[in-house]
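Colleague: These protein sequences, in sequence, are chains A and B.
Residue numbers for the first sequence follow the UniProt record's numbering, so the first one is 1 and each next one is one higher.
Residue numbers for the second sequence follow the UniProt record's numbering, so the first one is 1 and each next one is one higher.
Heads up, none of these hints are tricks.
Which copy is meant is left open, because identical chains are indistinguishable; a pair holds if it fits in one copy or across any two.
Straight-line distance between alpha carbons at most 25 Å, and here's what the computed DSS-like set of lysine-lysine pairs gives: (1) Lys211 to Lys72; (2) Lys208 to Lys16; (3) Lys87 to Lys208; (4) Lys87 to Lys140; (5) Lys106 to Lys31; (6) Lys106 to Lys128; (7) Lys106 to Lys125; (8) Lys72 to Lys109; (9) Lys140 to Lys186; (10) Lys186 to Lys208; (11) Lys208 to Lys106; (12) Lys186 to Lys211; (13) Lys87 to Lys211; (14) Lys109 to Lys208; (15) Lys31 to Lys186; (16) Lys54 to Lys211; (17) Lys54 to Lys208; (18) Lys186 to Lys54.
Hints listed in this document are in silico derivations from the structure and should not be mistaken for laboratory results.
There are 2 protein chains.
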Amino acid sequence: MVLEKETITIPEPTLKRLPRYIDILRNLTGKGEEYVSSSFIASALDLDPIQVRKDLSITGIVGKPKLGFEVKELLQSLLNALNWNNKNEAFLVGAGSLGSALLGYKGFKEYGLEIVAAFDNDPKKIGKRIDGIKILPVGKLTEMAERMHIHLGIITAPAEAAQEIADMLIEGGVIGIWNFAPVHLKVPANIIVENAQLSQSLAVLTHKLSKASII
Amino acid sequence: MVLEKETITIPEPTLKRLPRYIDILRNLTGKGEEYVSSSFIASALDLDPIQVRKDLSITGIVGKPKLGFEVKELLQSLLNALNWNNKNEAFLVGAGSLGSALLGYKGFKEYGLEIVAAFDNDPKKIGKRIDGIKILPVGKLTEMAERMHIHLGIITAPAEAAQEIADMLIEGGVIGIWNFAPVHLKVPANIIVENAQLSQSLAVLTHKLSKASII
Numbered sequence: 001m002v003l004e005k006e007t008i009t010i011p012e013p014t015l016k017r018l019p020r021y022i023d024i025l026r027n028l029t030g031k032g033e034e035y036v037s038s039s040f041i042a043s044a045l046d047l048d049p050i051q052v053r054k055d056l057s058i059t060g061i062v063g064k065p066k067l068g069f070e071v072k073e074l075l076q077s078l079l080n081a082l083n084w085n086n087k088n089e090a091f092l093v094g095a096g097s098l099g100s101a102l103l104g105y106k107g108f109k110e111y112g113l114e115i116v117a118a119f120d121n122d123p124k125k126i127g128k129r130i131d132g133i134k135i136l137p138v139g140k141l142t143e144m145a146e147r148m149h150i151h152l153g154i155i156t157a158p159a160e161a162a163q164e165i166a167d168m169l170i171e172g173g174v175i176g177i178w179n180f181a182p183v184h185l186k187v188p189a190n191i192i193v194e195n196a197q198l199s200q201s202l203a204v205l206t207h208k209l210s211k212a213s214i215i
Numbered sequence: 001m002v003l004e005k006e007t008i009t010i011p012e013p014t015l016k017r018l019p020r021y022i023d024i025l026r027n028l029t030g031k032g033e034e035y036v037s038s039s040f041i042a043s044a045l046d047l048d049p050i051q052v053r054k055d056l057s058i059t060g061i062v063g064k065p066k067l068g069f070e071v072k073e074l075l076q077s078l079l080n081a082l083n084w085n086n087k088n089e090a091f092l093v094g095a096g097s098l099g100s101a102l103l104g105y106k107g108f109k110e111y112g113l114e115i116v117a118a119f120d121n122d123p124k125k126i127g128k129r130i131d132g133i134k135i136l137p138v139g140k141l142t143e144m145a146e147r148m149h150i151h152l153g154i155i156t157a158p159a160e161a162a163q164e165i166a167d168m169l170i171e172g173g174v175i176g177i178w179n180f181a182p183v184h185l186k187v188p189a190n191i192i193v194e195n196a197q198l199s200q201s202l203a204v205l206t207h208k209l210s211k212a213s214i215i
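So that you can see chain A by itself, here it is in the shape it has in the complex (with noise of 0.2 Å):
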């Protein structure tokens, strides 16, 4: 059974910005630099400084006069609104050429993800590693979801097996999903899907790029 654990929900527009606060934080902490304003935050990412300052305000942390804010504690803290402090086990199924992308990225480490098996349904694949990480067949992944209780997959095969794989990860246990493949995925209300595919970022650029013209 799936309870809230808070009752604050951080909108979706406002967890979109946080990653780019969290980059910029740790750019300045590997500067050594100690304080940053709102405003620098704002200007750095073109953004509105209103906006910013409230985005900032829901980690209740307050800034000092003329300081600003302490860039360590304000990093803890939006590291920790994404639950990115803590390590978020997941089975990515689907070691195509995105799924392989994937489990070669080293940059999931400092989201506080880590991909800790792939699945696939090619004898070829399965029992090799990529980056480290096996390849095990697709038939055991409901069971290897509830034995290493794993609450996060990641869905990288093609769009006529998603569904079946996402019924199989909710089957093991899974309650959230990243959906890399181009359908609509059924799942019960208590399940978090969260879609990551490339063709709705690529339609808002090419529409918006056919409507400028160069003269």
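Based on these hints, arrange chain B on the given structure of chain A.
Modeller: Frame of chain A, contents of chain B only:
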């Protein structure tokens, strides 16, 4: 100089739903279906039928009573709205794991996107081909973009290189940038940047997951 071709701008949330409608319509075309109702589409995608009707109204196509929309006509009209009926030629910069995955992704053809060349600064990669696409030295980026009249650039390079690459693309005449690097690009007002950063999508998912606990 960049001028507006049309005055109607489709709002972003609508634009992001259009690829999902296109997926459904392509599927129906494959099955030989001639007509489709907006309520069928709504049900397939778990969307509000009123929302779907409103989205589809941007095409100007009117459904026939009791039959609904003509599948092929609606599909072509949606493809036109996204400019996916035309070929958008693009350069990709950064032939690492994500870049290579995008170079190998066959689905882009369906979105009217054709990556015609890739660029990298690694001498070990330059001159090789990934899925038939030649890797060229990044120093040739501006000159080649200009010569080939490329208007679309895809940045899959590391964060620290992304701004310089964007500048080179823009100098070569690129007006649309699909940015996969986790960094905010500073560009002139007439340049369109669409960020496809995985971290934003993941932020929404991990935050929601952290608020749901299994008992």
